[in-house]
Amino acid sequence: MKVRRLYIFIFCLSLFSLSCGKKPVFTEMATSRLRIVLKGTLESEKGYMSPFVTPAANSTSVEDSDHANDSVDDIKGPSEDVYPTKLMLDIAEIRLGGKKISNYRQTFSIALSDSEPFFNGEGIELKTDDPGDGRYDTVEIFFRKMIFDNAKIYKSTGSGFVYEKDAEVIFKEKTVTGFDFNQLMVNSYWDSLRKESDQVIRVFPMVIPIIGGLNYNKENNETVLEIRLVFKNFIKKYEYDYYDSGIYKVCHYYAPSDWLRDVRAGESDIGRNLHGVAKALVKGQTGSITVSNPSLGYVVAIPADEDISDYFISKDGKLIRDDVKGDLPLPPNYPGAYISAVLDYYLKYEKYKNDWNTKRADLDSSSPAGLSDILDKYEYYWDVYESTVKGTGYGLKIPPYVGYGTSVTFNEMAVGSYKFYRFDAPAYGQLNTSFTSLNGGNVVTINAGANTGF
Amino acid sequence: MKKHFLSILVFFICISACVPELFAQSSRKKYFSKPQIGLWYGPVTPIFETSEYLKPDLGGGVFFRYNLPYDPLKIGIDSSYQSYGSEGVNSVTLIPLYGNLLWLLPIDLPIRFQLKAGGGACKVKMQPDDIEQWEPLLMLGTEVSFPAGKLANVALRLDYLCIYEEHMNGGKKNGHFFNAGISLYFNLNL
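If you read the protein sequences in the order shown, they are chains A and Y.
If you use my numbering, the first sequence corresponds to residues -5 to 448, in order.
If you use my numbering, the second sequence corresponds to residues 244 to 433, in order.
No lab work stands behind these hints: they were computed from the structure.
Quick caveat, the model's predicted, so the values are computed rather than measured.
Don't take each hint at face value.
[Stated by the list, open to error] Each computed EDC-like pair below joins lysine to aspartate or glutamate, with the alpha-carbon atoms no more than 20 Å apart: (1) A:LYS212 x Y:ASP351; (2) A:LYS139 x A:ASP160; (3) A:LYS17 x Y:ASP372; (4) A:LYS353 x A:ASP317; (5) A:LYS17 x Y:GLU375; (6) A:LYS16 x Y:GLU330; (7) A:LYS243 x Y:ASP351; (8) A:LYS342 x A:ASP67; (9) A:LYS94 x A:ASP127; (10) A:LYS93 x Y:ASP351; (11) A:LYS93 x Y:GLU330; (12) Y:LYS277 x Y:ASP351; (13) A:LYS121 x Y:GLU330; (14) A:LYS243 x A:GLU261; (15) A:LYS166 x Y:GLU330; (16) A:LYS17 x Y:ASP373; (17) A:LYS16 x Y:GLU409; (18) A:LYS94 x Y:ASP372.
[Claimed, not checked] Label-pair restraints from in silico Cβ distances: (19) Y:ASP373 x A:SER289: 49 to 55 Å; (20) A:ASN405 x Y:LYS298: 38 to 44 Å; (21) Y:SER322 x A:VAL201: 43 to 49 Å; (22) A:ASN214 x Y:GLU295: 23 to 29 Å; (23) Y:TRP346 x A:ASN214: 48 to 54 Å; (24) Y:ASP373 x A:LYS353: 53 to 59 Å; (25) Y:PRO286 x A:GLU167: 25 to 31 Å; (26) Y:LYS393 x A:GLU167: 56 to 62 Å; (27) Y:LYS298 x A:SER401: 50 to 56 Å.
[Claimed, not checked] In silico negatives: residues of chain Y with every beta carbon more than 10 Å from chain A: (28) PRO299; (29) ASN310; (30) VAL367; (31) MET369; (32) LEU431.
For each residue, glycine too, the CB sits at the ideal point set by N, CA and C.
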């Protein structure tokens, strides 16, 4: 009997020694403590959203036809153009700070409507595994495809353009009508004088800063990582030019607005115009606050140690680009061995040379910052452009907390210190170019639970 | 590809070792009663709730068995390497190390049936969480073998492994795995 007790004691002791201070692996795998939600809005707060605007496809705000050098230049305002109704996303992989947390393929087909969780502040949940404990400052989403429907193809008749058909693309292994603008989400300079002339893909992955960082600890309650991509009321029409068997064609498609980095006639790259932000919350470690807004518009909060100037640009992106004197024209694309197309190409090439010389003379006659060498001037203008459009680091930042209304309640703010600002609702397809301080510019400390508003 | 090649190689070694002796007429019981050392290779799969988050793969291992004074019983020590991926980014690697008691069923056929039960520990590595720890393990299994001469035996082994975690702080689930393997083992003159 005593021997049996000894065996039981030894068994229990060995169990204890094999388990002391250890984590249950299989329970861990079956448990998800990190919830990632994806939203397509500038606003972060459900219930404090600006309503969806659905402008006409040929309106100035969608087509940018008020600017002489817009992407849509060959055929303006055709009656066949229709504003998109659906956004399709195909996500291949998600990483946190470079460490893979999901390789589940996830596809979403989202109607452009306030009733969609993607656009009403609720968000759609992304399937991921939990990361290891640690601090993460970025989340990387590998977008395989991003598609808006209602893309139209027009072909040249020599004297004009006629509608040919709707553009088609494969989404989720099926052919759908639409245009995958993901393939054009690169940030490139077409001029080989710049080292940035190499195309840089910005959405595979799209690196999104986590404002305030994500301090992930498995001992905590559920952690929520909210990722927002600005799609709502930020969609514009572009024109993609190409030759098909010697016939010049254009495709009118929709993609995030080029408000920051203006896309001009003949240019195909539209990169760095999709703006994203992420913020992390630990359930039970959040506070709420109600902020009065002097007039209808947006209320935003950023961590107290952040600089508000990282969150806006001083003027519209197309005006910033107008200031670049070394903005040389694009050469025409060679159409292939089709005689009429090649003749057309040589005509365009003559025009390109003339335009190039005009721009060069314009650059040569300027003397920015006392520079005399033309290459130095060229570099100077583009450097100024890059810094003005926040081209370094993660690019233009989007505030982590944004609400729309005359009084905004932020229900879940991570505990910490914040500065509050406001701005009027910008025009369709634009973000703000200035902020006004709220609460006298004073820092507000958010504690867990309800906080006194102002 | 490498795993397929190894599977085919093990299969042909087994077959070529046993074919000449398949029709051996004399009893091999006395050879079988010797200490044995062997290896196995085959599919390993998570079962029950564990199959919800891990995917099957191929694994292999080695074992050693020694006689007890009572002939139908043997004791053995067994170790293997099993790596499991998942639909996501989690992966688990197991290195079980356990002792077991084997009972040769008293059936007078050239094919031998054994039941086994045992326990020990299992080294569990989980990525990307970078967890690496030893955990208690329990096992049950059966084995069907036939002699391939005086020296070798060929077997099909089926084992159930339970990695016991429910006693841990916060542990709500155990790991359940099923191993099937073709085994080749040798009778030793110790």
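Structure-based check of all given hints:
At roughly 57 Å between alpha-carbon atoms, LYS212 of chain A and ASP351 of chain Y are farther apart than 20 Å, so this suggested pair is violated. A threshold of 20 Å between alpha carbons decides the hint, and for LYS139 of chain A with ASP160 of chain A the separation of about 18 Å falls inside it, so the pair holds. Between LYS17 of chain A and ASP372 of chain Y the CA atoms are separated by roughly 10 Å; this keeps the pair inside 20 Å, and the hint holds. Of the pairs offered as hints, the one joining LYS353 of chain A and ASP317 of chain A holds, with about 12 Å between alpha carbons and a cut-off of 20 Å not exceeded.
Our distance criterion of 20 Å between C-alpha atoms is met by LYS17 of chain A and GLU375 of chain Y, whose separation comes to about 9 Å. Between LYS16 of chain A and GLU330 of chain Y the CA atoms are separated by roughly 25 Å; this puts the pair beyond 20 Å, and the hint is violated. At roughly 83 Å between alpha-carbon atoms, LYS243 of chain A and ASP351 of chain Y are farther apart than 20 Å, so this suggested pair is violated. At roughly 15 Å between alpha-carbon atoms, LYS342 of chain A and ASP67 of chain A fall within 20 Å of each other, so this suggested pair holds.
Using a Cα cut-off of 20 Å, the hinted pair LYS94 of chain A and ASP127 of chain A holds, with the two alpha carbons roughly 13 Å apart. The straight-line distance between the Cα atoms of LYS93 of chain A and ASP351 of chain Y is roughly 58 Å, outside the 20 Å bound, and the hint therefore fails. Taking the CA atoms of LYS93 of chain A and GLU330 of chain Y, the gap is about 16 Å. The hint holds against a cut of 20 Å. Simply put, LYS277 of chain Y and ASP351 of chain Y have alpha-carbon atoms about 18 Å apart, close enough for the 20 Å limit, and the pair holds.
Proximity of LYS121 of chain A to GLU330 of chain Y is assessed by CA-CA distance (about 11 Å); at most 20 Å being required, the pair is judged to hold. At most 20 Å may separate the alpha-carbon atoms for a hinted pair to count; LYS243 of chain A and GLU261 of chain A meet this at roughly 14 Å. Pair hint LYS166 of chain A plus GLU330 of chain Y holds up; C-alpha atoms about 18 Å apart against a cutoff of 20 Å. Straight-line distance between C-alpha atoms of LYS17 of chain A and ASP373 of chain Y comes to about 11 Å, which keeps the hinted pair within the 20 Å bound.
At most 20 Å may separate the alpha-carbon atoms for a hinted pair to count; LYS16 of chain A and GLU409 of chain Y meet this at roughly 12 Å. For the suggested pair LYS94 of chain A and ASP372 of chain Y, the alpha carbons sit about 11 Å apart, so the restraint of at most 20 Å is met. Checked against the hint of 49 to 55 Å, the C-beta distance between ASP373 of chain Y and SER289 of chain A comes to roughly 52 Å, which is consistent with it. For the hinted restraint 38 to 44 Å between ASN405 of chain A and LYS298 of chain Y, the CB-CB distance of approximately 40 Å keeps it satisfied.
Checked against the hint of 43 to 49 Å, the C-beta distance between SER322 of chain Y and VAL201 of chain A comes to roughly 44 Å, which is consistent with it. The hinted range of 23 to 29 Å is satisfied by ASN214 of chain A and GLU295 of chain Y, whose Cβ atoms lie roughly 24 Å apart. Between TRP346 of chain Y and ASN214 of chain A the Cβ separation comes to about 49 Å, which falls inside the hinted range of 48 to 54 Å. In this structure the hint that ASP373 of chain Y and LYS353 of chain A lie 53 to 59 Å apart at CB holds, the actual value being about 55 Å.
In this structure, PRO286 of chain Y and GLU167 of chain A meet the distance hint of 25 to 31 Å, their C-beta atoms being roughly 30 Å apart. Range check, LYS393 of chain Y to GLU167 of chain A: Cβ separation about 58 Å, and the 56 to 62 Å hint holds. For the pair LYS298 of chain Y and SER401 of chain A, the supplied restraint of 50 to 56 Å holds, since their beta-carbon distance comes to about 51 Å. Under the 10 Å C-beta cut-off, the non-interface status given to PRO299 of chain Y relative to chain A holds; the minimum distance is some 16 Å.
The claim that ASN310 of chain Y lies off the interface holds: its Cβ sits roughly 23 Å from the closest Cβ of chain A, which is beyond the 10 Å cut-off. For VAL367 of chain Y, the requirement that its beta carbon stay farther than 10 Å from each beta carbon of chain A is not met, with the minimum near 5 Å. The claim that MET369 of chain Y lies off the interface is violated: its Cβ sits roughly 5 Å from the closest Cβ of chain A, which falls inside the 10 Å cut-off. The claim that LEU431 of chain Y lies off the interface holds: its Cβ sits roughly 30 Å from the closest Cβ of chain A, which is beyond the 10 Å cut-off.
Violated hints, in rising order: 1, 6, 7, 10, 30 and 31; the structure is consistent with all others.
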